[in-house]
Amino acid sequence: MTRFVLRRLLQSGIVLLGVTLVVFLLLQLVPGDPVRVALGTRFDPETYEALRSRAGLDQPLPVQYASYVGQALTGDLGVSFRSGRPVTAIVLERLPATLSLAITAVVFALLVAFPLGVLSALRSGSVFDHAARVFSQFGVSVPDFWMGIMGILLFAGVLGWFPPSGYVALTEDPVGWASHVFLPAVTVGLVTASILTRFIRSSVLEVLAEDYVRTAEAKGLPTRVVVVRHVLRNALIPVVTVVAVQLASLLGGVIVIEVLFAWPGVGRLTYDAVQARDYPVLQGAILLVAALFLLVNLLVDLLYARLDPRIRVR
Amino acid sequence: MSGNGDSTSRRALVALGRDPLAVTGGVVLALLVVAGLAGSWLAPAGINEVDVDRMLQPPSWAHPFGTDELGRDVFSRVLVAARVSLQVGAVSVGIALLAGVTLGLFAGYYQGWLDNVLMRCMDVLFAFPVLLLAVAIVAVLGPGLSTAMVAIGVVYTPIFARVTRAGVLSVREQVFVRAAVATGASDLRIMRRHVLPNIAAPLIVQTSLSLAFAILSEAALSFLGLGVQPPEPAWGRMLYDGRGFITDAWWLGFFPGAAIFLTVLAFNLVGDALRDVLDPRQLTVSEARRNAG
Chain E
1 MTRFVLRRLL QSGIVLLGVT LVVFLLLQLV PGDPVRVALG TRFDPETYEA
51 LRSRAGLDQP LPVQYASYVG QALTGDLGVS FRSGRPVTAI VLERLPATLS
101 LAITAVVFAL LVAFPLGVLS ALRSGSVFDH AARVFSQFGV SVPDFWMGIM
151 GILLFAGVLG WFPPSGYVAL TEDPVGWASH VFLPAVTVGL VTASILTRFI
201 RSSVLEVLAE DYVRTAEAKG LPTRVVVVRH VLRNALIPVV TVVAVQLASL
251 LGGVIVIEVL FAWPGVGRLT YDAVQARDYP VLQGAILLVA ALFLLVNLLV
301 DLLYARLDPR IRVR
Chain V
1 MSGNGDSTSR RALVALGRDP LAVTGGVVLA LLVVAGLAGS WLAPAGINEV
51 DVDRMLQPPS WAHPFGTDEL GRDVFSRVLV AARVSLQVGA VSVGIALLAG
101 VTLGLFAGYY QGWLDNVLMR CMDVLFAFPV LLLAVAIVAV LGPGLSTAMV
151 AIGVVYTPIF ARVTRAGVLS VREQVFVRAA VATGASDLRI MRRHVLPNIA
201 APLIVQTSLS LAFAILSEAA LSFLGLGVQP PEPAWGRMLY DGRGFITDAW
251 WLGFFPGAAI FLTVLAFNLV GDALRDVLDP RQLTVSEARR NAG
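Protein chains in written order, with my numbering: chain E, 1 to 314; chain V, 1 to 293.
Okay, chain V solo, but in the shape it has when bound (with noise of 0.2 Å):
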C-alpha cells in the first residue's frame, strides 16, 4: 500500500496547483513561513526597540503599521510574531494528530469494551465549547506559549480521534487488511502498514483546517492574556495590549488583527480545496468548526 500515498499527494498537488483560491492560500502561506523563519532579519527595527519619542505614531515610511504605545515598530512585531502562530498551529496541532489519531486507531482497529471506552472520553472532551476548556487548562497550569499549546492541542484531539476511527472502521473491513490478517502481519503492522496510509486523506484535510482553528485559538487565548506573555509579540496578545488605544491608534488594533485573518484565511482556502481532492465527503470548514466549538 506504499504507493497509496505517493499519487495521493501527487494528485492534491496537481489538483491544488489548478485552483486560483488554493495558489492564493499556498502563496500566502509561503509568506508566513518566511516570516516565521526570518522575520528577526527581516525586521526594520528590533521589536523592544522602546522609542518614546515616537509612542503612537501613524503609519509612515518609517513605520509602515505605525508605531505601539512604547514606540516600538508595529510592522517589525507583526512579522516577528508569525513565528508564535507557526509555533503554536504546528505544536498544537502535532499534540492533537498524535493524540488523537493514535486514540482512533486503537478504537476503531479493536473496537469494543476499548472502542466504547475510548470514545466516551473523546465525548466528554467534546462536551465543552474549545475556547472555555482552553481557557480552564491555561487557568490551572498558568499562562503562557507551552501551556497555551499543550491546552489547544489537548481541546483538538476529540476530532482527530473521531476522524480517524470513521476511517479505520470503513478501511479494516477492506479486502487487504483482511490478507494481512491471513498471513500473519501483527496488529501494530497492520495499522502502520495498511490501516493508516488509507485514511490519510481525511487527516491530512483535518490538518490543515485545525491549523487555521489552532492559530485563532491562540490569538484569543493571548488577547486575554493567557497565552504568550510579554515582551514576545503574538498578533493576540498585540491586540490585548493595545486595547487601550484603539480609538487613538487604529493601527495597533487593524495590523495584528488582519495578520491573523489572512493566516487563517489561507489555512482555511487549503484545507478547503484539499477536501475538495482529497476527500469530498469530509465536513466543510463550518462543520469541522460546529464540532470543533
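So here's chain E without its partners, still in its complex pose (with noise of 0.2 Å):
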C-alpha cells in the first residue's frame, strides 16, 4: 500500500507541475502585452509598470515560471489586475458558494440516482427500467443551462416558489439559502443524477452476475439480505469513485450554472475575470479548480485502493 501512494502521490506532483506550466503559459499566450490589454482604456505608465513588475512580467519567462511556481506553492497566486487585491484571498472568497452549490447538488444526485439505479438493475428489462434508461440519456443530453432556464420560467415566474437568481451564504440565513440554491443545484444534480443512475445500474447489474450472488441466493438468504450484503456492499464501490469526481469536476464546471443563477462561486469568477481580461485571477481560479480536481482524484484512488485491494497491484 506504501509502495502505492508513494507512486501516486508522485504521478500526482508530476501532473500538478504540468497543471501550472499550462497555466502559466496562458499568459503568455495573449496576443499583445496582457497587463496592456487588461487596462485598455485605464492605461496610464505608472500603473502599467507597477502591475507588470508586480506580475514579473519583466523578467525572462524560464525566471518568471520558477518564481509563478515558487509563489504558488507559498500559496501566493500574486494581485488581481483590476482590484490590486491577492488573487489568492479572491478565490478562497468564492470557494464556500461553489462547495455549497456543489455538494448540495450531489446529495440530490445521489438521493434521485440511488434507489433509480438499483431499482433499474433489480428490475431489468421491466418498465422502470426502461424509464430510468431514458431519464438517464435525457439528462447526458439536455444542456443544463437550457434546463436551468426552464427552472427559472417555470419555477420563478410561472409558480413564483423560487428566486430566479442570487445568493445569500448559508451561515446567514439558512432558509434564504435553501431557496436560493434550489434551482441551480436541482439542474445541476439532474444531470448528475442521470450519470449517476447509469453507473449504479451497470455496476449493481455486474455483481449481480458474479458466483458469489448466486451462492448466496442458493443458500436461501431472503432476497433483501442477498441485496444488502451482497450485492450493495459490493456494486457500491466503484460507485465512490464516480461521486468523488463528479463533485470534483463540478467544483470547476458549473461556471454556466453559476453565471445563469447570478451565483457568486469560482466559476462566476472566472466568467468575470474572463470579460474583465483580469488574467491572474482567470490563472488563480483556473489552478485552483485543477488542484483541486488532482487532490480529490487521488483521495479517491487512495480510498478506492483500500477498499478494493486488487487495485494496488494493478
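By construction, these hints were calculated from the structure, which means they are not laboratory data.
The beta carbon of each residue, even a glycine, is placed where N, CA and C say it ideally should be.
A portion of the hints provided could be inaccurate.
Claimed, not checked - From the derived model, a few chain E residues whose C-beta atoms are all more than 10 Å from chain V: (1) ALA55; (2) GLN59; (3) PRO62; (4) ARG82; (5) SER100; (6) VAL127; (7) PHE182; (8) GLU217; (9) THR223; (10) VAL256; (11) ALA273; (12) ARG277; (13) ASP301.
What the hints assert, rightly or not - Partial selection, computed: residues in chain E whose CB lies under 10 Å from chain V: (14) GLN11; (15) LEU26; (16) ASP33; (17) SER141; (18) MET147; (19) MET150; (20) GLY157; (21) PRO163; (22) PRO164; (23) LEU251; (24) ILE255; (25) TYR279; (26) LEU282; (27) ALA291.
As the list claims (entries may be wrong) - Stretch-level coverage of chain V by chain E, calculated; a stretch enters the list once three of its residues show a Cβ under 8 Å from a Cβ in chain E: (28) 45 to 57; (29) 222 to 230.
With the hints as a guide, bring the two chains together.
In C-alpha cells:
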C-alpha cells in the first residue's frame, strides 16, 4: 500500500507541475501585452509599470515560471490586475458558494440516482428499467443551462416558488440559502443524477452476475439480505469513485450555471475575470480548480485501493 | 487487413438499421444535415431581418417559433444555426481526432519514454474540467467561432489519445503485426495499414459521442458570449441574447435549447448504438462524459 501511495503521490505531483505550466503559459498566449490589454482605456504608464513588475513580466520566461511555481507553493497567486487584491484571497472568498452548490447538487443527485439505479438493475428489462434509462439518456443530452432557463421560467416566473437568481450565505440565513440554492442545485443535480443512475445500474448488474451472489441465493438467504449484504456492498465501491469525480468536476464545471443564476462562486469569478481580462485571477481560479480536481482524484484512488486491494497490484 | 474496415462498416450499418433508437437518432441527424446545408434556402425569413413592429411575438403560423427582441424570425434563425453546430462538431472533433489519434498511435506503438511523456501531457489536460479549459483558451485567444472550435478540439484530444493508445497496445501484440514487422514494413506503414484499421471501432464510437459533447460545449461557450458572435445565429448565443426576455417570451429560451437537446440526444443515441455493435466493452456515454468532464 505504501508503494502505491508513493507512486500516486509522485504521479499527482508531476501532473500538478504540468498544470502550473499550462496555467502559466495561458498568460503568454494573450496576443500583445496582457497588462496593456487588461488596463484598456484605464492605461497610465505608472500603473502599467507597477503591474508588470508585480506580475514579474519584466523577467525572462524561465525565471517568471520558476517564480510563479515558487510563489504558488506558498499560496501566493499574484495580484488582480483590476482590484490589486491578492488572487488567493479573491478565489478563496468564492469557494464556499461553489462548494455549497456542488455538495447540494451531488446530494440531490444521489437521492435520485441511488434508488433509480439499484431498482433499475434489480428489475432489469421492466418498464421501470426502461423509464430509468430514458431519464439517464435525457440527462446526459440536455444542456444544463437550458434546463436552468426552463426552471427559472416555471418555478420563478410562473409559480413564483423560488427566486430566479442570487445568493444568500448558508451561515447568514439557512432558509434564504435553501430557497436560492434549490434551482441551480436541481439543475446541476439532475444531469449528475442521470450519469450516476447509469453507473449504479451497470455496477449492480455486474455484481448480480457474480458467482458469490448466486451462492448466497442458493443458500436460501432472503432477497433483501442478498441485495444489501452482497450486491450493494460490492457494487457501490466503484460508485464512490464516480461520485467523487462528479463532485470534483462540479467544483470547476458549474461556470455556466453560476453565471445563469448569478451564483457568486469560482465559476462566476472565472467568467468575470474573462470579461474583465483580469488574467491573474483567471489563472488563480483555474489553478485552484485543477489542483482540487487532482486532490479529489488522488484521495479517491487511495480510498479505492484501500477498499479494493486488487487496485494496488495493477 | 483492408477487408476488416468494410465488414465492420457493413455490420454496424445492418445492426444500426435494426435499432429503433439509432434509426430515430439517424433521422434527426439527417434532418440536421439538411438544415445545415440548406437552412438559408429553407428559412421562411432572413436571419437578420429586423422588424420593430413584430418584436417578441409568440409562436404563430407566420412565425412558428415566435420572434425575438429585434422582431427577427426565431424559426429561421434556429434552422440556419444548425450549420454552426455541425461545423463546430466536425471541425473540433476533427482536430481532437487527428491530434489524439496521432499522439495515441505513437505513444502506444513506441511505448517507453515517448509513451510516458505523451500520456503525462494528456493527464495534465485531463486535470482541467473541460469547459473551464475551453473558457480559458477562448479567453486568451479571443472569443469567436474559430477559437471556440480550436479550444474544444484541444480539450477533447486526450480522450482520443487514450482510446487510441489502449487499442494500439492490444493490437501491436497480434500475430499479423509481428508478421508485418518481420517482412520489413516500415513503422508508419504498419501503423497505417495494420494498426489503425483494427482500432477503428472504438474510435468511431468515441467520435460519435464526442460530437454530442462538442456541440454541448460550443453551446455553453456561446451562452457565455465566448463562442459565435452576433449577428451570426447560434443556438447557445440565442439563449444568451434572449436571457433578459425569457419570463415574458418563453419561446426565446425554449426553441434554441430544444434544438441543442435534440441534436445532442440524436448523437448520443447513435453513439450508444454504435458502441453496442462495434465495441460493447467501451465506455458508456455517462462514463465518457465523466472522463471528459
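Hints and how they fare:
{"no.": "1", "hint": "ALA55", "verdict": "holds, 15 Å"}
{"no.": "2", "hint": "GLN59", "verdict": "holds, 20 Å"}
{"no.": "3", "hint": "PRO62", "verdict": "holds, 19 Å"}
{"no.": "4", "hint": "ARG82", "verdict": "holds, 14 Å"}
{"no.": "5", "hint": "SER100", "verdict": "holds, 18 Å"}
{"no.": "6", "hint": "VAL127", "verdict": "holds, 16 Å"}
{"no.": "7", "hint": "PHE182", "verdict": "holds, 18 Å"}
{"no.": "8", "hint": "GLU217", "verdict": "holds, 26 Å"}
{"no.": "9", "hint": "THR223", "verdict": "holds, 27 Å"}
{"no.": "10", "hint": "VAL256", "verdict": "violated, 5 Å"}
{"no.": "11", "hint": "ALA273", "verdict": "violated, 8 Å"}
{"no.": "12", "hint": "ARG277", "verdict": "violated, 8 Å"}
{"no.": "13", "hint": "ASP301", "verdict": "holds, 13 Å"}
{"no.": "14", "hint": "GLN11", "verdict": "holds, 8 Å"}
{"no.": "15", "hint": "LEU26", "verdict": "holds, 5 Å"}
{"no.": "16", "hint": "ASP33", "verdict": "violated, 13 Å"}
{"no.": "17", "hint": "SER141", "verdict": "holds, 4 Å"}
{"no.": "18", "hint": "MET147", "verdict": "holds, 8 Å"}
{"no.": "19", "hint": "MET150", "verdict": "holds, 7 Å"}
{"no.": "20", "hint": "GLY157", "verdict": "holds, 4 Å"}
{"no.": "21", "hint": "PRO163", "verdict": "violated, 13 Å"}
{"no.": "22", "hint": "PRO164", "verdict": "holds, 8 Å"}
{"no.": "23", "hint": "LEU251", "verdict": "holds, 8 Å"}
{"no.": "24", "hint": "ILE255", "verdict": "holds, 6 Å"}
{"no.": "25", "hint": "TYR279", "verdict": "holds, 8 Å"}
{"no.": "26", "hint": "LEU282", "verdict": "holds, 6 Å"}
{"no.": "27", "hint": "ALA291", "verdict": "holds, 8 Å"}
{"no.": "28", "hint": "45 to 57", "verdict": "violated (count 0)"}
{"no.": "29", "hint": "222 to 230", "verdict": "holds (count 3)"}
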